[in-house]
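A.B. asks: If you want the building blocks of each chain, they are given just below.
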Amino acid sequence: MFSRAYKAAVTLPPLMWVTVFLLMPYLLMFCYSFWSVSASQTIVHSWNLANYRQLLQVDVYWQTLLRSMWIAARVTLFSLLLAYPLAYFLSFHAGKRKDLLYQLVIIPLWVSYLVRAYAWKTILGSDGVLNTLLQYVHLTKHPLEFLLYSPFAVVLTLTHIYTPFAFLPIYAALEHIPRNLVEASHDLGATPGQTFWKVIFPLSIPGAVAGATFAFVLSLGDFLAPLLLGGPSGIMISNIVVSLFGAAYNWPLGAAISFCMLLLVVSLLFFSERLEKKWSFS
Amino acid sequence: MMTTSEIALRAAGNSARGTTLLSIRNVAKCFGKNAVLRDISLEVAEGEFLTILGESGSGKTTLLRIIAGFETASAGEVWMGEERLDRQPPYRRRVNTVFQHYALFPHLTVEQNVAYGLRVAKRPEAEIASRVEEALAKVKMSAHAKSKPSKISGGQQQRIALARALVNRPRLLLLDEPLSALDANLRRQMQVELKSLQREVGISFIFVTHDQEEAMVMSDRIALLRSGELEQVATPREIYGHPATAYAAQFIGHTNLLKGEVRGGTVRCGPLAWSAALPDGPALFSLRPENVRLTAGNVPTSGTVRVRGRVRHQAFHGATELIRVECADGLALVARTPGSGGTLDDVELEFSSADAILVRESPERI
Chain V
0 MFSRAYKAAV
10 TLPPLMWVTV
20 FLLMPYLLMF
30 CYSFWSVSAS
40 QTIVHSWNLA
50 NYRQLLQVDV
60 YWQTLLRSMW
70 IAARVTLFSL
80 LLAYPLAYFL
90 SFHAGKRKDL
100 LYQLVIIPLW
110 VSYLVRAYAW
120 KTILGSDGVL
130 NTLLQYVHLT
140 KHPLEFLLYS
150 PFAVVLTLTH
160 IYTPFAFLPI
170 YAALEHIPRN
180 LVEASHDLGA
190 TPGQTFWKVI
200 FPLSIPGAVA
210 GATFAFVLSL
220 GDFLAPLLLG
230 GPSGIMISNI
240 VVSLFGAAYN
250 WPLGAAISFC
260 MLLLVVSLLF
270 FSERLEKKWS
280 FS
Chain L
0 MMTTSEIALR
10 AAGNSARGTT
20 LLSIRNVAKC
30 FGKNAVLRDI
40 SLEVAEGEFL
50 TILGESGSGK
60 TTLLRIIAGF
70 ETASAGEVWM
80 GEERLDRQPP
90 YRRRVNTVFQ
100 HYALFPHLTV
110 EQNVAYGLRV
120 AKRPEAEIAS
130 RVEEALAKVK
140 MSAHAKSKPS
150 KISGGQQQRI
160 ALARALVNRP
170 RLLLLDEPLS
180 ALDANLRRQM
190 QVELKSLQRE
200 VGISFIFVTH
210 DQEEAMVMSD
220 RIALLRSGEL
230 EQVATPREIY
240 GHPATAYAAQ
250 FIGHTNLLKG
260 EVRGGTVRCG
270 PLAWSAALPD
280 GPALFSLRPE
290 NVRLTAGNVP
300 TSGTVRVRGR
310 VRHQAFHGAT
320 ELIRVECADG
330 LALVARTPGS
340 GGTLDDVELE
350 FSSADAILVR
360 ESPERI
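Chains V and L are the protein sequences, given in the same order.
Counting in numbering that gives the first Met the number 0, the first sequence runs from 0 upward without gaps.
Counting in numbering that gives the first Met the number 0, the second sequence runs from 0 upward without gaps.
Some hints could be false.
Sample of chain L residues facing chain V (criterion: CB under 10 Å; computed from the structure) [as the list claims (entries may be wrong)]:
1) Val35
2) Gly68
3) Phe104
4) His106
5) Arg118
6) Val119
7) Pro123
Just so you know, these hints were derived from the structure itself, not from any lab.
Where a beta carbon is used, it is the ideal one built from N, C-alpha and C, also for glycine.
Using the sequences provided together with the hints, build the complete structure.
C.D. replies: Printed below as a string of structure tokens:
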């Protein structure tokens, strides 16, 4: 048994860390969200709900939030559609090349986010690789404008960036499925297709939920991809928060939006954990 | 399904003589350069309980997996009746397996696990319900139909795995060390239950185990596998009473291996000598301890071999005692005697020369 002093010694540092760097900033942010900015650009500590009221009443805020969620939802869907088959192939059919392929999926994670975002800029731009190619083969006469500075560009880039995050938990879940269950299914007369839908897929749901949560939460809070590739129509909620804390100098409103986002993400995490628990059997 | 009289017939006779159901022909399996199975030929009769017995690494599980279709043989064929089995995927074979660690689907209830094979075969729901109920009743698990596998004990999971396989009415059931995870008492109970269940359903069983006692208790025939080759295939009585090789004699039960020399119709082995109609040369004999007795002062009948020695070790086994006796010329004999209670010292042993069974040497294999 450990002594009380030892227990205190190991519990205290992380507790301090969480308090100082997580709970206190959140608390401060929560307080800010009830304050306001005076005409002379100073923060007034008068408690009121004006910021939250503004969020509901001014269209641009809740519309941008909805659009951000819609972008994140699409990113999640496409990431899953890419990551699941990839993880399935790697886990069940890659054979000896498994480790190599796994590394190839992971390596992009080591490349700077900015580099990957800029890469898409050079691909999608009017003078970009894609448009040049399309005109070269005479598929189009003029550069396609919707490719860059659009929600399309944001979804594409975020999908590229967050697919590995969706891949990892799915792959881990598939790797944890005992192979004798697959054999048992075949033994009982199930074809490979039936085995996938009746055994492999249900047992991989916790991984898919975790992967979807990663992709959704990470892309919902993203502000660089919309900043670099989004254009006016691809603005996301985080861009608004960034400008409110910066040029617009309205920290209280920014804090209110941040707090709503936090609430949204935390409830999402809570929900997805419930879902994962419901579907895990190990 | 067989009729009761057919089952009774088989139980009485040597079931190996029944109609052949499965025929394994010259099957070999290599993993890379490593030969796991070499030229295995074996037949299984309808309704037979055949045990593949062997140490770990003998290739017994690989052989079972080839029959089930999880491995492909490097050479040879597997036939079931007129049908070539080894070219079909596992899900087309009318063979079901009880896996070593049961392999129950953790996301399905007991009932759904048992119904799995019938569901994928798209049987009508009413039929599925009645067959599942029947199968669960047969293994006495009806009360747990709605439980998840993680909520029931190992022995119960074992029964579900059995019901899940049998509900499909396979022609052949494969069992891969299904009792190895159970504790000794439950294991003995399951051995008896499994055997009587097999008689009842009349399906051929191929049972894989490393436990020779288990093999003896349950099997109609035992196929003893050693380093990828069949050492002997025979009924438990035959294999025990007349082991073909030194390995078979030692692996199944205790034995005394006597290295002798035959000259002019007489076998000599240290201080022992008896007559036998064998060609001249070295010969190896297996002599079971229970066939070696303490002499009771009577006059030896013809064919009785006697030898004096000093008891070196005495081990109490309940109803019997195993004594190890050192005789002249470095010969040591183990005898099984009725527990006398007393400590023995100098003794005279005897055995009937007919009980010394000639066996082949078992050369070392890699």
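A.B. asks: Does each hint hold? Answer for all of them.
C.D. replies: Quick rundown of the hints versus the structure:
no., hint, result
1, Val35, "18 Å, violated"
2, Gly68, "7 Å, holds"
3, Phe104, "6 Å, holds"
4, His106, "5 Å, holds"
5, Arg118, "8 Å, holds"
6, Val119, "4 Å, holds"
7, Pro123, "16 Å, violated"
The structure is inconsistent with the numbered hints 1 and 7, although it conforms to all the rest.
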